[in-house]
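Chemist: Sequence:
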Amino acid sequence: MVHTSEEVAGAGDAALAVPRTIALVGLMGAGKSCIGRLLAAALDLPFMDADKEIEAAAGCSVEDIFTAHGEDAFRAGERRVISRLLSEPKMVLATGGGAIINDESRSALGARGFVVYLKTGIEQQLARTRRGRERPLLANDDPRATLGSLMAFRE
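Residue numbers for the sequence shown, in our numbering: 1 to 155.
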């Protein structure tokens, strides 16, 4: 079952009893890592960033994986990492922006996690993705159009 951030916020104190991993999903720039760290601290749970775990497993950056091996290879690694993380003790997990589009990952997240979809507007996503690490899917002449297409496809 997928829950919106409004449903989680409206759960009040019941949201503090965390029976399983809280998995944050949403497009890049939605705030999964930032909110995930804050939520993990508030709930006294470990925080894991799936993209960071993929980089650690691969020994290189997400951008390098995309460049050297392509998106399909990255998504295969992402599936393996998400599956591994979901088998570990409960945590707050920030998934990659495209994790939810894979049937296997989506099923695993729904079965073993409490999934929270974070959504923000394209302008906010553009502002957030301009700073920090590279975003391979936005390395083009029109990141706004790319984000719009990704949003339309994933919703």
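Think of the hints as simulated: they come from the structure by calculation, not from any bench. Just so you know, not all the hints are guaranteed correct.
To be verified - The calculated lysine-lysine pairs, modelled on DSBU-like cross-linking and capped at a C-alpha distance of 35 Å, are:
1. Lys90 x Lys52
2. Lys119 x Lys52
3. Lys90 x Lys119
Unchecked claim - Here are the in silico distance ranges between beta carbons for each label pair:
4. Glu88 x Glu123: 16 to 22 Å
5. Ala68 x Ala42: 22 to 28 Å
6. Ala57 x Ser107: 17 to 23 Å
7. Asp64 x Asp44: 31 to 37 Å
We put the CB at the ideal spot given by N, CA and C, even for glycine.
Chemist: Next step is simple, just say for each hint if it's right about the structure.
Modeler: Hints, one by one, checked against the model:
1. Lys90 x Lys52: The hint holds at about 18 Å.
2. Lys119 x Lys52: 21 Å, holds
3. Lys90 x Lys119: The hint holds at about 23 Å.
4. Glu88 x Glu123: 16 to 22 Å: 36 Å, violated
5. Ala68 x Ala42: 22 to 28 Å: Given about 38 Å between the Cβ atoms, the range is violated.
6. Ala57 x Ser107: 17 to 23 Å: Given about 21 Å between the Cβ atoms, the range holds.
7. Asp64 x Asp44: 31 to 37 Å: 34 Å, holds
Checked against the numbered hints given earlier, the structure breaks hints 4, 5 and satisfies all the rest.
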